[in-house]
Amino acid sequence: MAKKRLIQAINDTLFAEMERDPKVILFGEDVEISMFGDTKGLHERFGPNRIRNTPICEATLTGMAVGAAAGGYRVILHLMFSNFIYTGFDAIANQMAKLRLMTGGQIKLPITVIAGYGGGRSTAAQHSDTPYPLLMNLGGVNVAVPSTPADAAGLLKTAIRGDNPTFYLEAGGRGGERGEVPDDDFTVPFGSARVCRPGTDVTLVSVGAMMKPTLQAAGALAGQDIDAEVIDCRTLVPLDTETIIASVAKTGRIVIVDEARDRCSAASHIAAVVSDEAFTHLKAPVKRITVPNVAMPYAPNVEKTVIPNQEQIAAVTESLVNNPDK
Amino acid sequence: MAKKRLIQAINDTLFAEMERDPKVILFGEDVEISMFGDTKGLHERFGPNRIRNTPICEATLTGMAVGAAAGGYRVILHLMFSNFIYTGFDAIANQMAKLRLMTGGQIKLPITVIAGYGGGRSTAAQHSDTPYPLLMNLGGVNVAVPSTPADAAGLLKTAIRGDNPTFYLEAGGRGGERGEVPDDDFTVPFGSARVCRPGTDVTLVSVGAMMKPTLQAAGALAGQDIDAEVIDCRTLVPLDTETIIASVAKTGRIVIVDEARDRCSAASHIAAVVSDEAFTHLKAPVKRITVPNVAMPYAPNVEKTVIPNQEQIAAVTESLVNNPDK
Amino acid sequence: MLAMYRTMLLIRRTEEQLRDDFHAGRLPGGVHLYIGQEAIAAGVCAHLDDADPIASTHRGHGHYLAKGGDPEAMLAEVYARETGICKGMGGSMHVADFSRGIIGANGIVGAGLAISAGAAFAAQLDREGRVAVCFFGDGAANQGVFMEVLNVATLWKLPLLLVCEHNCYSEFSPSDTVTAGEITDRARAFNIPCSVVDGNDAVAVWQAAAAAVELARDGGGPSFIEAKTYRIYGHNESEVHWLSSEYRDETEIEPWRKQDPIERLGSFILENGVCARENLDALDIEIRARIAAAAEAAAAAPPPDPELMRDMMFSGQQP
Amino acid sequence: MLAMYRTMLLIRRTEEQLRDDFHAGRLPGGVHLYIGQEAIAAGVCAHLDDADPIASTHRGHGHYLAKGGDPEAMLAEVYARETGICKGMGGSMHVADFSRGIIGANGIVGAGLAISAGAAFAAQLDREGRVAVCFFGDGAANQGVFMEVLNVATLWKLPLLLVCEHNCYSEFSPSDTVTAGEITDRARAFNIPCSVVDGNDAVAVWQAAAAAVELARDGGGPSFIEAKTYRIYGHNESEVHWLSSEYRDETEIEPWRKQDPIERLGSFILENGVCARENLDALDIEIRARIAAAAEAAAAAPPPDPELMRDMMFSGQQP
Ligand SMILES: Cc1ncc(C[n+]2csc(CCOP(=O)(O)OP(=O)(O)O)c2C)c(N)n1
Ligand SMILES: Cc1ncc(C[n+]2csc(CCOP(=O)(O)OP(=O)(O)O)c2C)c(N)n1
Ligand SMILES: [Mg+2]
Ligand SMILES: [Mg+2]
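Protein chains in written order, with numbering that gives the first Met the number 0: chain U, 0 to 325; chain D, 0 to 325; chain F, 0 to 318; chain R, 0 to 318.
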């Protein structure tokens, strides 16, 4: 075990995976110098064939990832900020997510797309989106959103070694979170949520950067005699609905915390699944705490009001438990 | 009143709106010849300034729509098949949906993007997507999905005359549905769902091309003594949650029918809203009938299995009403 | 030479079959015919092995067949059968056979460009002398990925051959109404080898491709070929059902019919004594029989099992 | 001439203020400095009126100010104040003033190209002689929209001037590692008027822009200018906080410092007797005072009311 920052866990894992499998290659804009630190040092170690800076041309990069993966490589494409996923969206939505079915299952597409997501640092609307709802709807791509250094390492290994396209979203500048990472070659399977905190009164489901305020809220609620079970989805595709439903079967209440805009969010989908498959267990309305349907504002005081925080989570949960009829 | 095909209602409305306001312009690939028939004859009437064929360059077309709208025009951009929305997605997600907020509300963006959506005609995965969930999550664009010729006309007028970007999605080759269209200059407001069939036992919510099987299922259910209320959302952004909730308050049960892939679908979102805001009225699980999380297959027999149909809707509803505990 | 002729004839007869099948209502989806452009696929693919990847277009039957794709499996695919090369999941616009380097026809105009660049990058890293080829239309040359790929391929010296098939139309728009300047000039801006050839002359295409493919195999980087040709049929075979006005004159098409690439190569073969008229005729009879049988087999084959779909979205994972 | 000098000095002093503000921790977001490139914005915008739309980049302060944008409102914006030109909702990368034809800095590299083409189309339809200008970087010239816009603008003869600011870097990548060939050749492929100018020579930029703007106003269609310059500061001011290695040498920067566009225009002005050194010095004092006051006012202004946001997503509709 070693304590490290989340971004360091990613960087270490990239080193290890590239060492492990010579077919792993990584490219993207300025990945050699590495703005986020995740790809730092790889170029010096693995050279320009396996780590390569590209021109700014996201539409081509996503298509190239498909072509190179079909050509036998395990491709890691670094798209920097998640908003640039939109710039390269055509080959994501029309090729990456569909090509395997369209070709009758002829190919494997081992592609890991890395991008930083989310707000909180006044980067304004074009550098702060949380794009996983769109990716979830595509059907053909996995979505991993680690919240701890250990999960960051374990999920990244699963993504790189896997044979399907995966979007691996880093919680932007918040990669500084520290945590223990096992030393052995462990992986975290996709579709397996983690119960971070067992509880009996209410289920709090969240993912990525929202885990921190969610866990803090759970801690605060404990002081009010509310025993919250906290679940980290870890991957949104595949989604571990079983763990969520089992928890709701126990608690009868659920609050879903999501950094995406509300409409058709991951929270919406989880709420939909719960209100169908766990309906008979529900004692109270299914609650979502999400970002309102706006673009991310620049001003820090305004940005703060749109991103879910500990107080909001605690307040909604408290009122749900104490006033079940809304 | 005149009976016309849905696509004819669109065509007539485009004529009328361009006649009405010289600031309305329309461009897109082969809009002069008009593959779907919606823009037929406009070029002859309004000439090449106001109706213009473009090269194939969706990434530029969506950005141009923003620039021309900011320049004072009411822009109609025809993107042909909804999958090409992805090709032009950058300027949709990063500009159209965000520019107004980013500029502090300085501008209006009167843009109507038209595209045909949905499967059912063996056009395979790249010409059959139902992309509204992605658009719904963007936050800054309206989404209208007419199911009748009258709504097609009324919603299109609201889109064109409105000052915000709207995606106006046509149910592809299924534009042949006929219906009465009033002769006067009526509009259909956004955010106002239509109760197409009142009922007391269960609420069926749907939109666009799914209205037909949904209404047929409601008819069939009537024969089994199940009185279904049927709601056509008409616009998904804004979404008329009031009408849906009022209906659930009456019926206690809801089935949502959606041609989008299930994960983070419009159905998911409606289910989420209902399981929060109408929870106390619910007598049974919230049901979604959606497309599985796959790319659209080419073979008609396979394609048929993924698109919701009358029998499936009737069966799910029947079982929901008769076995509320699932 | 004869191999090229055979390829072209195979494409022609297969597409005639599909044309008739479409109009007889035997196909569930539409088809975009390559008839008149066969020399390009045949002339380029003559230099390629199974290991060399090619990316194709919505008008992709010709590329598939020229690259050695199985005609029976292609017909079955367009017929939406489980015996189809994509098990009936893709259809005409998505015929692909990765085992033969056919990395796919594609319904998104321009999409093959970036995919082929990725395949070329993989080929470069493998250092086995593979070369990637992208076929795309004049209309596709207006998609920005064209320039993006030229840039990356030039910078990285990718073993990539870009073949623009200029058939004078982009759907229903005459090319000069949607394409400014000469497409080849866009490639010339990158100082890569560029050539403009008569796309109805198989020998000319063959020669241009020979040089480009050799250069790429030797690590010399990308090349560009613009093949001037003409789309003899409509944009797709369904257009007759909805077109209310004509977008081109019969008089425009006629001269191009006289430039039929198969007849031209046939004459060349006969003039050069490669073989006799009877041999060509026999070949035609053989191919016609094969395709007719293939169509019959396709028609008789079972539709795909719908459950198959769930195993095909992902590798080893349910959707 | 003097107006251009004033503009350039205004840009310089404003950005020095922002640089210092950033490092003093007074700004919530990052800033990309235009210092060293001022001659380009000033030389081009000298030909434009409020009605002429310009699209800009992430490095957009200079374009905003050269186009007549209010410095006070810009500083307040970067300070995230309700008095900001975008009410604090956009920040440095999104400064825009539609009333002055500044249709926005933009955080998406290349995005201004298509937006400006749309604005040029609107200008063309209005027939009032307006011309649209797009400023973009050498890195942005690798985005496919560049070629797409060249194509549409050429075909439609749009009143559009494309100004590529070649500052030798695309973030941390030296241009020649990510950009193949000469960017101007990509535009030349469309046979539109193209010029390459010394971007640190305001007079040269002014002259090239004069011809291009006049042509566009007269219905002569688009032009392209490549202005060769150099990014004196880093990609953005925050890079010092995380850069672990240098990506360029001081020795590379030094010669460019000697080519300072403001000093060069200053010398030209003095040599030509337009005014005296004292006048220039006085101007500097005036501008410094103005900017210092503006920064103080910005710092003292209130943050935006969060509720404002809900009225700003849509016109007349809640989000
Ligand atoms: C991204 C995208 N935009 C539009 C279309 C619709 N479309 C299909 S083929 C075509 C024209 C293509 O022209 P060209 O590249 O010259 O190929 P050709 O059909 O002439 O072989 C268009 C616009 C599409 N399939 N994909
Ligand atoms: C679509 C997109 N991709 C990547 C980025 C990240 N990025 C910001 S500036 C920049 C480099 C731009 O270079 P250039 O166009 O030369 O402008 P300069 O910074 O030199 O002024 C990059 C890659 C972005 N903002 N948008
Ligand atoms: Mg063509
Ligand atoms: Mg630059």
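No lab work stands behind these hints: they were computed from the structure. Positions of the beta carbon are idealized from the N, C-alpha and C atoms, including for glycine. Mixed in with the good hints, there may be bad ones.
[Unchecked claim] Going by beta-carbon spacing under 8 Å, a handful of chain F positions derived as facing chain D:
{"no.": "1", "residue": "G106"}
{"no.": "2", "residue": "G138"}
{"no.": "3", "residue": "P305"}
Evaluated hints:
1. G106: Holds. Min distance 3 Å.
2. G138: Cβ of G138 (chain F) sits 5 Å from chain D, so the hint holds.
3. P305: Hint on P305 (chain F): holds, closest Cβ of chain D at ~4 Å, below 8 Å.
This entry satisfies every hint, going by the numbered hints stated previously.
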